[in-house]
Every structure is written in C-alpha cells, then in structure tokens.
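Those letters in the sequence shown? Residues 2 to 291, per the numbering used here, in order.
Worth flagging that the hints you see were computed from the coordinates, not collected in a lab.
Careful: at least some of the hints might be erroneous.
As the list claims (entries may be wrong) - Using 30 Å as the maximum straight-line C-alpha spacing, the simulated DSSO-like pairs for lysine-lysine come out as follows:
| id | residue 1 | residue 2 |
| --- | --- | --- |
| 1 | K102 | K119 |
| 2 | K35 | K184 |
| 3 | K184 | K270 |
| 4 | K128 | K101 |
| 5 | K187 | K65 |
| 6 | K102 | K65 |
| 7 | K101 | K65 |
| 8 | K101 | K187 |
| 9 | K278 | K35 |
| 10 | K102 | K187 |
| 11 | K128 | K32 |
| 12 | K101 | K119 |
| 13 | K35 | K128 |
| 14 | K278 | K203 |
| 15 | K102 | K128 |
| 16 | K270 | K35 |
| 17 | K187 | K278 |
| 18 | K119 | K187 |
| 19 | K32 | K278 |
| 20 | K32 | K119 |
| 21 | K32 | K104 |
| 22 | K278 | K184 |
| 23 | K187 | K203 |
On a predicted model such as this, the values are computed, not experimentally measured, just so you know.
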Amino acid sequence: MQGRKISLIIYFILSIVIFGFEKGLQAQDGKLSKILYVPVNSNYLFIMNADGSGNSELLRTDFKPQWPSWSPDGREILFNTYDEEYEGAYIVNSAGNNLKKIKISQSVDLPCWSSDGKDIAFMSDDKPGIVIASTDGNILRTIAAEGINGAYQSWSPVGDQLVFESGRDGNPEIYTINPLTGKGVKRLTNNEILDEWPSFSKDGLLIAWVRGIEGDKDIWVMNQYGSNPRQLSHNINIGDGFPSFSPDGSELLFQSGSENEQSSIHIIKLDGSGLRKIAEGSFPNWSPYL
C-alpha cells in the first residue's frame with residue numbers, strides 16, 4: 002500500500018513537470034510575429050497575422066506611407082513618404098502611437114534600420130551614395146559615394162554589412178559594403194538583367210532579392226556572400242518585389258503585381274513550395290518575434 006502511494010506521488014509530480022514542459026514548448030513554438038503592409042493606394046499602415054488573418058489598421062496619416070519596416074526589436078516602425086507637403090522619414094511605435102518625423106537636412110529615400118535600431122541608412126537626392134544618420138536626424142557619414150548611387154539597402158543583423166542595389170556599371174546589381182568604414186565593396190551578382198531590392202535574413206546568412214526584366218521579375222535567394230543563387234517564384238509577366246524573411250528564416254514575404262494590376266502580398270517557402278496569397282496591398286515587411 003505504501004509503495005502504491007509513493008508511485009502515485011511520483012506519477013503526479015512527473016505529470017506536473019511534463020505538463021509544464023509541454024506548455025513551455027507550446028509557448029516557445031507559438032512565438033508571435035506580425036506582417037506590416039500598406040493597403041493599395043491608401044494613407045494607412047495595416048498589420049496582420051502571418052496567415053493573413055487579423056487585419057487591423059495601425060496608423061492613418063494625411064499622406065501615403067511607403068517602404069515601412071520593423072525595428073530590430075519590433076518596438077518601432079520606420080517609413081517614408083514622397084507626398085510633397087510631408088516628404089521625409091517617420092517613426093511610429095508598434096501600437097501606432099507617437100508618430101514623429103525625423104528631422105534630417107537632406108531628402109530621404111528608402112530608409113532602413115541599422116542592426117541595433119539606433120541609426121538609419123537611406124538614399125538622398127541631395128548627394129550620391131548611402132547616407133547614415135541617427136534616428137534623431139544627425140548625419141553621421143556618407144558611404145559608397147564614388148558613383149555607386151546605392152538603393153534599397155538592408156543592414157545585416159550583426160551590423161558589419163549593408164547590402165544594396167547599384168547601377169554603377171550601367172545595370173542594377175547587388176553589392177555589400179561595410180557600413181561603419183564605407184570600405185570593402187563586394188559585388189554579388191553579375192549579369193545583363195535587373196537585380197534589385199536585396200534583403201538580409203534575420204540571421205544574416207541569406208539574402209533575398211529580385212531578378213528579371215521590367216514587368217517580369219521573380220524572387221531569388223543566395224547565401225550572404227553571393228553563392229548558391231536560386232529562384233523561388235516563377236510569375237510570368239508579373240513584377241515581384243520587396244522580399245522580407247520570416248523570423249525563423251523558413252519563408253519569404255513579397256509583393257506581386259504589375260503596373261496595370263492591383264498588387265497583392267504572398268508568402269513562399271525557401272524551397273519554392275507553399276506559395277500562397279494572404280492579402281491585397283504593397284510594401285510588406287515581416288516583424289521579428291514580438
């Protein structure tokens with residue numbers, strides 16, 4: 002009888018431990034991430050779940066927001082607008098509050114976050130190259146200024162590389178550069194068609210980008226140093242763009258649509274399978290785990 006009681010006690014304790022462990026696994030496996038995007042031709046920022054559910058308005062403005070991106074910690078969102086009266090870069094918190102314009106002495110185009118969330122990199126019509134500034138608007142330095150005309154830059158998570166598009170040879174190609182020193186420019190692509198919109202994965206091991214011709218571009222992925230390039234999407238006569246990695250690096254989010262069609266947002270696995278449409282909209286960006 003005593004032995005049976007001991008066995009029951011041990012079973013009860015083990016059940017609690019196992020149940021708690023399973024709950025911990027569920028919490029870990031259930032990490033939350035969100036997708037940020039701009040509804041077509043709107044003055045809104047929207048967020049949704051990764052399956053396309055839970056669409057909700059995050060921010061309504063007096064201008065058209067473009068190129069939004071989550072900060073590395075997921076607490077803030079950076080975007081810009083070309084609407085003349087409001088032109089510039091803005092930051093808002095992840096709840097859609099405390100909107101502020103970054104007061105920068107130069108024009109701002111296609112801004113992106115630094116790996117620590119303290120700085121931004123952007124193009125400027127005022128000078129060639131890629132401008133690095135703090136989030137309070139202080140210009141820190143300009144890199145890649147020697148005829149590179151960088152665009153669509155993306156900062157590596159470690160912070161030692163900036164990947165960008167440049168037409169320095171007369172054709173858009175993908176390059177990397179050290180954003181701290183402005184040195185070490187490396188060319189990752191080399192062909193006669195367009196290579197655009199590069200984006201680092203959250204672990205920095207992969208780069209997604211777009212390759213093709215105007216009106217017919219597809220999503221590609223390569224290793225961080227340019228090796229093993231592979232095509233993921235195969236949308237004929239449709240322009241894919243703005244790739245963004247999922248937090249675990251297993252999928253890619255992107256925009257698809259031509260000039261004569263309403264753009265839509267899709268997700269695809271890194272092996273090219275599982276392509277699915279999740280919303281109508283543009284400029285999609287996948288958050289880190291929140």
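Going down the list of hints, with the structure as the test:
no. : hint         : in the structure
1   : K102 to K119 : holds (15 Å)
2   : K35 to K184  : violated (35 Å)
3   : K184 to K270 : violated (34 Å)
4   : K128 to K101 : holds (24 Å)
5   : K187 to K65  : violated (35 Å)
6   : K102 to K65  : holds (14 Å)
7   : K101 to K65  : holds (15 Å)
8   : K101 to K187 : violated (35 Å)
9   : K278 to K35  : holds (16 Å)
10  : K102 to K187 : violated (33 Å)
11  : K128 to K32  : violated (42 Å)
12  : K101 to K119 : holds (15 Å)
13  : K35 to K128  : violated (35 Å)
14  : K278 to K203 : holds (22 Å)
15  : K102 to K128 : holds (21 Å)
16  : K270 to K35  : holds (17 Å)
17  : K187 to K278 : violated (35 Å)
18  : K119 to K187 : holds (25 Å)
19  : K32 to K278  : holds (22 Å)
20  : K32 to K119  : holds (25 Å)
21  : K32 to K104  : violated (35 Å)
22  : K278 to K184 : violated (40 Å)
23  : K187 to K203 : holds (21 Å)
In this structure, the hints that do not hold are numbers 2, 3, 5, 8, 10, 11, 13, 17, 21 and 22, in rising order.
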